[in-house]
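In order, the protein sequence lines correspond to chains C and L. Be aware that the first sequence starts at 1, since it is given in this note's numbering, and climbs by one per residue. Be aware that the second sequence starts at 1, since it is given in this note's numbering, and climbs by one per residue.
Simulated from the structure, these hints should not be mistaken for lab results. Heads up, some of the hints might be wrong.
One copy or two, it doesn't matter: identical chains are merged, so the pair holds either way.
What the hints assert, rightly or not - With a straight-line Cα cutoff of 30 Å, these simulated BS3-like cross-link-like pairs (lysine-lysine) come out: (1) Lys318 <-> Lys615; (2) Lys546 <-> Lys60; (3) Lys615 <-> Lys38; (4) Lys452 <-> Lys496.
Number of protein chains: 2
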Amino acid sequence: MDGAYTGITGTNNNNMETVVHKVVAPPRQSTVDKLKGKMKETFFPDDPFRSFKGQPAARKWLLAAKYLFPILDWAPQYSLSLFKSDLVAGLTIASLAIPQGISYAKLASLPPIIGLYSSFVPPLVYAVLGSSRDLAVGPVSIASLIMGAMLREAVNPSTDPFLFLQLAFTATFFAGMVQASLGILRLGFLIDFMSKATLVGFMAGAAIIVSLQQLKGLLGISHFTTEMGIVPVMSSVFHTTDEWSWQTVLMGICFLLFLLLTRHLSIRRPKLFWVSAGAPLASVIISTLIIFLFKAQKHNISVIGQLKCGLNRPSWDKLLFAGTYLGITMKTGLITGIISLTEGVAVGRTFASIKDYQVDGNKEMMAIGLMNIVGSCTSCYVTTGSFSRSAVNHNAGCKTALSNVVMAMTVMVTLLFLMPLFAYTPNVVLAAIIIVAVIGLIDIQAAYKIYKMDKMDFLVCICAFLGVIFISVQEGLAIAVGISIFRILLQITRPKMVILGNIRGTDIYRNLHHYKEAQRIPGFLILSVEAPINFANTNYLNERIKRWIEEEQGNENKVANLQYVVLDLSTVTTIDTSGIALFMDLKKMIEKRDLELVFVNPVGEVMEKLQRANKLHNFFGTDSLFLTINEAVISLSSFVKLSP
Amino acid sequence: MDGAYTGITGTNNNNMETVVHKVVAPPRQSTVDKLKGKMKETFFPDDPFRSFKGQPAARKWLLAAKYLFPILDWAPQYSLSLFKSDLVAGLTIASLAIPQGISYAKLASLPPIIGLYSSFVPPLVYAVLGSSRDLAVGPVSIASLIMGAMLREAVNPSTDPFLFLQLAFTATFFAGMVQASLGILRLGFLIDFMSKATLVGFMAGAAIIVSLQQLKGLLGISHFTTEMGIVPVMSSVFHTTDEWSWQTVLMGICFLLFLLLTRHLSIRRPKLFWVSAGAPLASVIISTLIIFLFKAQKHNISVIGQLKCGLNRPSWDKLLFAGTYLGITMKTGLITGIISLTEGVAVGRTFASIKDYQVDGNKEMMAIGLMNIVGSCTSCYVTTGSFSRSAVNHNAGCKTALSNVVMAMTVMVTLLFLMPLFAYTPNVVLAAIIIVAVIGLIDIQAAYKIYKMDKMDFLVCICAFLGVIFISVQEGLAIAVGISIFRILLQITRPKMVILGNIRGTDIYRNLHHYKEAQRIPGFLILSVEAPINFANTNYLNERIKRWIEEEQGNENKVANLQYVVLDLSTVTTIDTSGIALFMDLKKMIEKRDLELVFVNPVGEVMEKLQRANKLHNFFGTDSLFLTINEAVISLSSFVKLSP
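Just chain C, same shape as in the assembly (with noise of 0.2 Å):
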């Protein structure tokens, strides 16, 4: 049996005298230093100031210009080519932006010119802010439905729509702050824990209630359920069966279907993205032409009324800082904030990596917040970088963020002048242009791709989906992230721990069970652990590696005769005290079986903390320590008593 084994020195016999190489501490460090750089990693990984790093004072001025205005960067560079990209991508958004702006401000119960003034002043402070070129910024389906469905619980819009809108106010003025707040103290991590599953299904779920309030308009309802869940939706639906009038429900199929198509069109040829960014505009100048010229509004489909010409008013007279509802807007913004940023970041990201230039979270994360606190004083609600108009701003063609510019005179032009022509815009087709917006949100081939993928995966992103639909938006997202992170933890507490074995004639040593070719060693256990070691786990490491040298020594069939017990901490990146006490009480109890422990490639952190807990309690010997498994066998194999 012991014959077998020969091949694990050959590979090193024609350097066997410099075999061992001795383990050694990491450089040292001060705390202070160490601090310092863990400071850094944590809230700078991205170290924005290295362009900084030995330029002259005046230079560092104007990079800390560009850096704080991302505008400084290209303005100078602007040239007329570039502007007439920009000028056509801004307009095609533009004729997206006003149909969805007014769309989405009846989904948060907003006054539609809202959702107007949300598409004139936030893209203005966001082309001298942001520092992505494709963002298209405005008012976005989800945070809209969320902001909402939580002011709602709160006050109730139709008997009482100023205080509401106050509310609404404040709530995009917390967002803004905390959005903020999350970029200067650089905690944009924070938004990462929501995981691509999260989001698909939250994305779907929300995107099926946005849908099912849309029947509300579809159907021509005027009772209508004021909750979000899709028993009471469904209910509210075949309760008023008297209200539903056929001549809406007949017009918001056509505009659906139409809207389908031209959807369905863009999707096949990605070339004709036109059709279907001009056709919620379409679609309203047609619908508003059918209701003008056939006098429908008296015919039972209830139409947006007159609006008011004019620009944005200031609001920061509006805001409301005391009394009762400060924890709701508080609340509100808080989850508004943090949904908008996620989706804002996500997208800036997204094309950041196509077109292969730099996008930095925290710095989006402040001008993102900045919008929305300017944006709170001049009768704006939430807003950020909307997935589906910047995806056409990109295939448009734009170059900077002064398509967002262009798109902002637009709706500039449209709140100066236009505002009568929507007086008579049917609601019907509104809710139409909702759905197909919001259909693009279920992504069933990504929720595939992570069931074949990762099962576990797969389970967060039906407890996010199911969760938003049956119990809440706001608690689905809650369930979901507190999977995601409880499934964290739990890698930490259960941390793997493999044997491994030599593949023979090499000085690999893999995991037994997945490498056939791997064997045992006698005389050797060799465990591997794999997670950084902390309280939550020394317990549990302790058990288990008693267990199994306990099934070591009980079990006559394996390799018998241990002696050395092997702990590969090539992969323990990090330990604390208890894990320190957790290697004395393995020694201890290791050597009361007359058996020997021995370290393999403790790495930086751990290295130190076993030299210092060695000066403190003296419990191991340099003897005790080798850099590679390969060299702790061959050096102590000598020892091994072979079996008799």
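Chain C is already provided as a structure; the job is to place chain L on it using the hints.
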């Protein structure tokens, strides 16, 4: 420059033809099998049923009975010599348990006799169900403190003592339910989230709070604050100087000194443990005699007063499961249950590891939980294994849980016949006993070791300490647990990544910044990610790797001519769908820069998911997968174009 690296192939030149080992996928396993394996590792890491395997049915029943009632394990072999040891140990802990029982009940604002009741029934239950041989069961200081503090927020024990008692029994019932369910559901790992550092800080803070509360008894103050913070207690002390009684203070100081001296003696000479173990009872007897002889109760020294003889009365009819107090009793039960469980399990594990026997954490939880449920129905409040009394039990030479039975019998005799003797026991002695008992909880040495070992752990410890003494016991604990968990999450969000280099003349690759002899290989950037890759860190890893490549390509002084980016995945134990998406992004980004991405040693799950991703997206060839870094470098270095 290139000549320097010919050494890398040297080590393997005798088996050059077999140098490249294939990375294979782990053996196939269905999702159900995987889930089963994971469940087993999560909930049954100690594999409690392994001794059941392959046994006949009758033996299985016997094993099951022994598993549920560990008393069946040792009772049949019980002998007279074992009984002698247990008798001595039992009498010793009884002499400690009687004064401590009375004192701790006062700490929880309960009648003193409840403390004695709680030292009678629970030890009997534990003797039947518990698997620890050293645990001495009864009321403990921290749980008493927390229960008193939390319930006082709802009910005033001096104006409404009966209701307060009812709430205490109900909270004890809930504590038992929580403990038993954690054990039955095998969720014992939840208490692992209290790290050593948290406990050291928390215990020290709680000890100080408890000691300060004793100033009431020590100074003879009758109007004292019911709050727990250091600030209200100190102000209460100095606002009632007119109530101080010099007789009480004198007596208190004398007994405090006596107890501290005996404690000091026992610490110095562990063989004299019985001195400090007997001192509290001696103090009680001496002080009672003094009061009785000098009729000192008339001189401003408050005494316990008349206590009724008799055993525990049933109290299940006193449990309150409805009404306004349900919330507070459940909360109190949850917190005291978890705290006392942590103490009990930790004590059990400590002594089990000293005597080298096995304590099953989850079974212990069931035993402690049942003990508290039974206790709540027999006029007991929350009990667990006490550290100080278990240490005395161990030192006194206890052999089995029968020492608990001996203790319970002694308490029974006291309850039946000796109660009138306590009528003259002064409260000041009880205060002194509590102070000396909790001083042992302040472990400055442990705190110093934590400071030496790990500064961040020390910070957690300090936060727990300051939180407890300045905010509140519960919130201090919550803060410390929160920080500990946040640290773990941060480790995941900002995983370590290192650049590896070759140690000359070997095939070993190690961190360049740790091992000075490690050298870069021209044309290669070898990165090792030292954490599971998941949604919480993919953004960070993406930015960080991009930055490294940019630095590499931008810097003229570095080993130039970068061609291969090698990702060593040995330490990536799990990956989710976001991680796979990261790899695809990285591949695109790296190929745009005319580089090639190579993976090394993806382990089990990671390899599996890479393969699945490949089926869906076909994003890497098998020629970009290697088993070791060395094999990758050897295979690819022939393609490296050397710098001009």
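A quick look at each hint next to the structure:
With identical chains, the CA atoms of Lys318 and Lys615 are never at most 30 Å apart, being 65 Å at best within one copy and 56 Å at best between copies. Taking the shortest alpha-carbon separations for Lys546 and Lys60, only the inter-copy value of 24 Å comes in at or below 30 Å, while the best intra-copy value is 59 Å. Taking CA atoms no more than 30 Å apart as the test, Lys615 paired with Lys38 passes inside one copy only; the shortest distance there is 25 Å, against 38 Å between copies. With identical chains, the CA atoms of Lys452 and Lys496 are at most 30 Å apart both within one copy (23 Å) and between copies (29 Å).
Of the hints listed earlier, the one the structure fails to meet is number 1.
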